[in-house]
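Chemist: Which chain is which? The protein sequence lines are E and S, in order.
Reminder that position 107 of the first sequence reads as 107 in the numbering used here, one-by-one numbering, no gaps.
Reminder that position 227 of the second sequence reads as 227 in the numbering used here, one-by-one numbering, no gaps.
It is worth saying that the hints were derived from the structure and are not from the lab.
Possibly wrong hints are sitting among the right ones.
Said to hold, decoys possible - In silico DSS-like pairs for lysine-lysine, Cα to Cα no more than 27 Å straight-line: (1) E/LYS103 / S/LYS275; (2) S/LYS112 / S/LYS92; (3) E/LYS92 / S/LYS194.
Here is how the chains run, residue by residue.
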Amino acid sequence: MSEVDPKELRIVGFLCNWCSYGGADTAGVSRFKQPTDLRIIRVPCSGRVDPLFIIKALINGADGVLVSGCHPRDCHYSDGNFYARRRLEMLKRLLPFLGIDDKRFHYTWISASEGQRWQKTVTDFTSQIHRLGPLHSGKEAQP
Amino acid sequence: MSLDKLKQIITDVLKDVDVVIGYKQGFDALHATPCFVTKPEQVDEIIWSPLCVQNLAGYLTSLKKKVGIVVKGCDSRTIVQYMQEGLIDRNKVVVIGIPCTGILSVKKVLEKVKHEPVEEVTFGNDGTVIVKTPSGDTKMALSEVAPDKCETCLYPTPVVYDHLADEPIASTKDPQNVFKDVEEFNKKSLEEKKKYWEKEFDRCIRCYACRNACPMCVCQDSCIAETRDPHWISQRSNLTEKMMFHMIHALHLAGRCVECGECERVCPMGIPVNKLKKKINSDMKALFGYEPGVKPEDKPPMLTFSVEEKNIEEHKL
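Please take these sequences and the hints and turn them into a complete structure.
Modeler: In C-alpha cells, the structure reads:
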C-alpha cells in the first residue's frame with residue numbers, strides 16, 4: 001500500500017456492487033463528510049468475499065476490514081449475502097482465537113439509498129479502529 | 001477384537017471388490033502401514049492393533065475402483081462427510097467397521113522410550129502396552145500414550161458400515177467436554193494467543209504434509225496454496241506466509257473437518273494444526289447445531305444457508 005499520513009490507519013472495505021457501493025456513492029454525491037482511512041474494493045456480491053480476503057488483509061498490513069453487502073433478502077443474486085453471513089460470522093468468531101481483536105472486522109448490510117447509514121458506519125468503524133490503534137506495530141508489514 | 005473375524009470379512013468382501021484397504025506391519029514393530037489387498041493370499045498380512053493409526057478413508061476419493069475399506073470409528077466420519085459432499089459413490093465402497101477401543105500416538109510412545117529403536121510392542125488385556133527397546137522394556141498405560149482425539153472420542157463404533165468386525169461399543173466420554181480445550185484456550189488474552197500462534201506457526205517448514213494427509217483436502221493439484229494464478233501465497237519463508245497457509249487450510253475445512261487428527265499426526269514440527277479446525281467446529285455446533293461426519297443426510301453449513309439465522313445476530317458498532 002502507498003505511503004499514507006502516519007495518523008491515518010489502513011482500513012480495507014469490501015463492498016458489494018449493487019447495494020453498499022451504491023450507498024457509498026450516494027454518500028459521496030450527497031457530500032457527506034467521511035474519514036479517509038477506508039480503501040474500498042468493489043466486489044460483485046458480498047458472497048464473493050472469501051474469509052481469506054479478510055485474513056490476508058489483516059495479516060498483511062491492514063488495521064481493520066469492513067465488509068458490506070445488500071440487506072438479507074435483497075441480494076441482487078438472491079442468496080449471495082446469506083452465504084456471506086454464515087462465512088463472515090464464522091470468521092468473526094475465529095479471529096479472537098488467533099489473537100486478533102474481532103472489533104477490527106465488521107460486516108454489515110447497507111443498501112444503495114442509505115448514504116447516511118453508510119457515512120455513520122464508516123465514521124464509527126474508523127473511530128473504533130483508531131481506538132484500537134495500529135495492528136502492526138513498528139516495522140512495515142511485508143507486501 | 002478377533003483378527004480372524006476381520007480377516008474372514010476381508011476375504012468375503014474381496015470377492016466383490018477390486019481392492020480392500022487395511023493395515024499391515026510397517027518397517028518396525030511400532031509402525032503399521034496401509035495394505036492394499038487385491039489377492040486372497042494377501043489377507044494374511046492384515047493386522048489390527050492400536051498401532052493402526054492412519055485414516056485410510058482418505059484414499060477413497062482418488063480411487064475409481066470398487067473398494068473395501070477398514071475403518072475405525074473416527075475414520076468412518078470421513079466417509080459420512082464424503083457422502084454429504086457427494087465426493088464418493090457409496091455403492092462402490094464396502095465399509096468394514098472396527099469398534100475401536102483407542103489407538104496410540106507413535107510420537108508419544110517414542111518420547112517415552114527416548115527415541116530408541118523399538119524391537120517389540122505387546123498389548124496387555126488391562127489397557128497397557130509394553131514397548132521393548134535395546135535398553136529394556138517400558139510399560140505404559142494406553143491412555144497415557146493415546147492421541148488427543150481419543151480423549152474426547154464420541155464415536156468408537158463406526159457411524160457407517162456394511163460389516164462390523166466386533167460388537168459395537170458405546171462411548172464413555174462426556175459430549176460436554178469435547179470442546180473444553182479450545183474454550184479454555186480462548187479465554188487467554190489476545191496478546192497471549194497471538195504470541196502462541198506466532199511461536200507455533202513460525203516452526204512450520206511448509207512441507208504441506210498436513211494438507212496432503214488431510215482426507216478432506218480434496219482440491220489436489222488446484223490447492224490455492226501452490227497455484228500461481230491466483231497467487232495467494234509466495235514461496236517466501238516468513239511468518240506471514242506460513243500463517244496464511246494455515247489459514248487457507250483451516251478455512252477451507254470450516255464445517256467440514258471430521259477431526260481425524262491426521263494433520264497433527266503427520267506434522268514433523270509438532271504444530272497443533274487441528275486446534276484451529278476444532279475451534280471452527282465448536283462454532284459450527286453453536287451456530288448451526290452441526291457436527292461434521294455424523295449423519296449422511298446433513299448438509300455442511302458453509303454450503304447452505306437459512307433465510308432467518310436463529311443464532312446469528314447483527315453486529316452493532
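Chemist: What's the verdict on E/LYS103 and S/LYS275, does the C-alpha distance respect the 27 Å limit or exceed it?
Modeler: holds, 22 Å
Chemist: Regarding the pair E/LYS92 and S/LYS194, is the alpha-carbon distance no greater than 27 Å?
Modeler: Holds, at about 16 Å.
Chemist: Are S/LYS112 and S/LYS92 close enough, with their CA atoms no more than 27 Å apart?
Modeler: violated, 42 Å
Figure legend: structure checked against the earlier numbered hints; the only hint not met is number 2.
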